[in-house]
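Asker: For reference, the chains in residue letters:
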Amino acid sequence: MLPNNSMKYLAFLIIGIIAPSMSHGQASNPSPPGSNSGVFQAQGNLPSLPLSGSNSQSSSGIPEPSTGLDGLVWDGKKFTVGDVRIFNSKFVGYLNEPEEEINEEKSYQEDLAKILDSLDVFRVRTDSKAKILQEILPPLRKAMRNPRDGGQCRAIYNAIGSDFHGRDDIAGKNMRLKELSKEVDRIRWNMKVTANPSAMEINANPFTLDSKKVELQNLQADLEAKIAEMKSLSENTQTKVSESRISLQRVIVSLFLTRHFDHVMIATSIYRFLYSDGAGAIEIEDSVIAAASENAKKMRAATSYDRSVESDNTVGFNPGKGFYSNNVVHRNNVENGIVSILPSMSEVLDKQNSLKLAVLTNIPKEMTEFESVTQEVVDQTNRMMKSVQSLLSQGLYDEATQRLQEALLAGEHLSSLRVFSFEKRQTLWSYLRKKKEVLASISSKDYADATKKIEEMKGTSKDSPFVKELSEIKNLQGSSDMYIAKAKEAASRGDSEGVNKALEEAAKIWPQNPALTETTQLFSKSTQGKDELKKLLQQKNYDYIMKESARFLAVASDDPALLAELKSVLEKETKAVAFKERISELMKRGDPAGAWEEAEKSVIEHPGNMDLIKLRSDAAVACTTFVQQIEKAKKAEEKRDPVAAMSLYLSARSVYPSSTIAKEAIERLSKEILQK
Amino acid sequence: MRRASKKVSPTILVGFIVGAIILALLGGWIFGGLNDPFRGVEKIDPQAYIESAKPFQGGVFQFQGEIESELSYETGRGRLFAFRVSSPSGQVVLPVLIPEKLGRISPQKGQSYRLKVVGQERGLLVVQKMEKI
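Top to bottom, those sequences are chains A and B.
Everything in the first sequence is counted per my numbering, starting at 175 for the first residue and increasing by one.
Everything in the second sequence is counted per my numbering, starting at 1425 for the first residue and increasing by one.
None of these hints come from the bench; they were simulated from the model.
All C-beta atoms in this analysis are idealised placements derived from N, C-alpha and C, irrespective of residue type, glycine included.
Mixed in with the good hints there might be a few duds.
[To be verified] The calculated label-pair distances, taken between Cβ atoms and stated as ranges, are:
#, chain 1, residue 1, chain 2, residue 2, range
1, A, Lys749, B, Glu1498, 44 to 52 Å
2, B, Glu1498, A, Asp717, 44 to 52 Å
3, A, Lys809, B, Gly1464, 30 to 38 Å
4, A, Pro831, B, Arg1528, 41 to 49 Å
5, B, Pro1523, A, Lys809, 24 to 32 Å
Please work from the sequences and hints to get the whole structure.
Answerer: So, in structure tokens, the structure goes:
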């Protein structure tokens, strides 16, 4: 069970874990605020996705993150989208990075384990520093040279070296201090002797006294110089010790912030080893925290420091009060030459570190806390990686991807992640790419493509994260289709405004609806077709209209006037065709008079139909007498000579008794003739 | 004794007989013609009639024809029949009205008649007399 503080620090690290897992919800949540997932939106926005939770407390009491349009909020702190994107890009980079060489990694881990074993907390107290140092330096040097090491071991090695250089310097200064101390004692004695005349002195000579005074003054000046040197050496020694300690603390904080947890463990052990005077209880200097915070803010660090100390010591001897010293110390703590502490870091990592800034005030302040938090993270990461392996073997790629993201963000430099096989990384990368493609399709409202890809993903991974989306996509597709049906219905009524509105709504919901494209093209063709039909009607090109009747009927379907005209033409033309067929049939049967009569009727109904006129002429040739009599009868009728007309019709009927023209005319004229 | 007879010249005899015959024929023609109701009635020109019937209004004509069909009946006026008449250019069918006053005549299709007709309004031929042939 971790202490409360450890939980807090662990939570800080886990922010990095949560952030990328929110990317799914972030990227695929195009809904404007207030959109409701359960209600169909005419605008076609997909409702929020399941991963976007509320900023509520979980059952465990740990705040849960929530996504917004510009990032995520966690425990009252806001993280921008940029951070989420950075984590995503880092994850993508990891998936496409070859795994670490197993042998290299194994060797590296063995070296680190050796170092840790040598720095056992009990050995540090019992064995000599020199012995332990002899044990840890070779594996540290070896690890430092391992390609797997990213300079972390070197930083620790340098910190140790810096400490020992300091210690050598301090040893020299301590010797000098001892010498000076003896000198001061000697001068003090001499001054005491000089200031008090001896009883053995026989001749008291005032001039002698004056020379003693001078000697005393010289001794005082010498004493002041020695004491000033002692003070200066003492302060310098203190500063050296402090700087060495701070230097190692910086290394530890830096390793912690960059999540090199293996190295944090080693560095804290070395710290305890080097500064065993209550090592476990040493509080990290506030200045380190402030400096780390400042550095994280700017991602910059100083190349040089002004830690100089100015002392104003006035040392003297007052006969009444004895020796005195006025010591005024001015200590500088200025950093100069600000440059990037990680020169090779890209802008990407700058942003990543800016996330750390938000929680920097929560970094541990004690070495024991560093160790416990680090150990917990290492343990959590290893467990997550086991979970990833298990999920992968079950084909649950979505869960595996999420667990891997979590593991990566907590312990990207840990061995379990570094040796994770490239093949498995690529499997998850392939899955993640498909997932991104689906999100892109949903985002661009290309629902057909999204549906296709979601179905494909079902074949890849057993856990589909898009079940709800698939259902909602189908609802949106249905809604779009309904608007298209509405547009067609409006078109049939000739309501062009209604057509436009319905098509607009359909396009808003699903711009790439194939039915929408089809309908739009149909309407476009319809407009072109109408123009063509009108022209053909004007030209009386009924034959072509008849041939394309089905197309023109569809084209004119939304124009009642045009449709009526077209139907009339088609009706007439159908009759004309029937006439032609009947005339031809009668001719074939050897009934030219009957054919002529049929043709005569058809020409009256279709005066411009050249086919019928030709057929009539052909028939007339075969029954000239009958045709002449009928023609004459008609002329007689026109001349208001009904009796002659009657006579002619009767004559014609005698030639062709089945004549309907003659029969009708005879009936008609009989009544006329008998009328007075 | 044979009495010498006085012989009639054969020539005179033949002449007498021929003369008698001629007289008989002439008498018959003269007396017969006087009794014919169609005597002196103009025969109709069917071809001219079908070209234009109106000029026949007011004229009296005769012709022979075969009943083709009954066309119509109008109370107070009579029955309209179609008569097929021969003409130099072929068969012509003429509409002829048999007035009600001649109602006792019941012509049947295919029967041939000799008719005396008068051209009335618009040249319609109305029967004055008709005899079955």
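Asker: Hint by hint, say whether it matches the structure.
Answerer: The hints, checked one at a time:
With their beta carbons about 37 Å apart, A/Lys749 and B/Glu1498 fall outside the hinted range of 44 to 52 Å. Remark: the range hint 44 to 52 Å for B/Glu1498 to A/Asp717 is upheld by a beta-carbon distance near 49 Å. For the hinted restraint 30 to 38 Å between A/Lys809 and B/Gly1464, the CB-CB distance of approximately 35 Å keeps it satisfied. A/Pro831 and B/Arg1528 have their C-beta atoms about 30 Å apart, which leaves the hinted 41 to 49 Å range violated.
Distance hint check: the CB atoms of B/Pro1523 and A/Lys809 are about 30 Å apart, consistent with the given range 24 to 32 Å.
Of the numbered hints listed earlier, those contradicted by the structure are 1 and 4.
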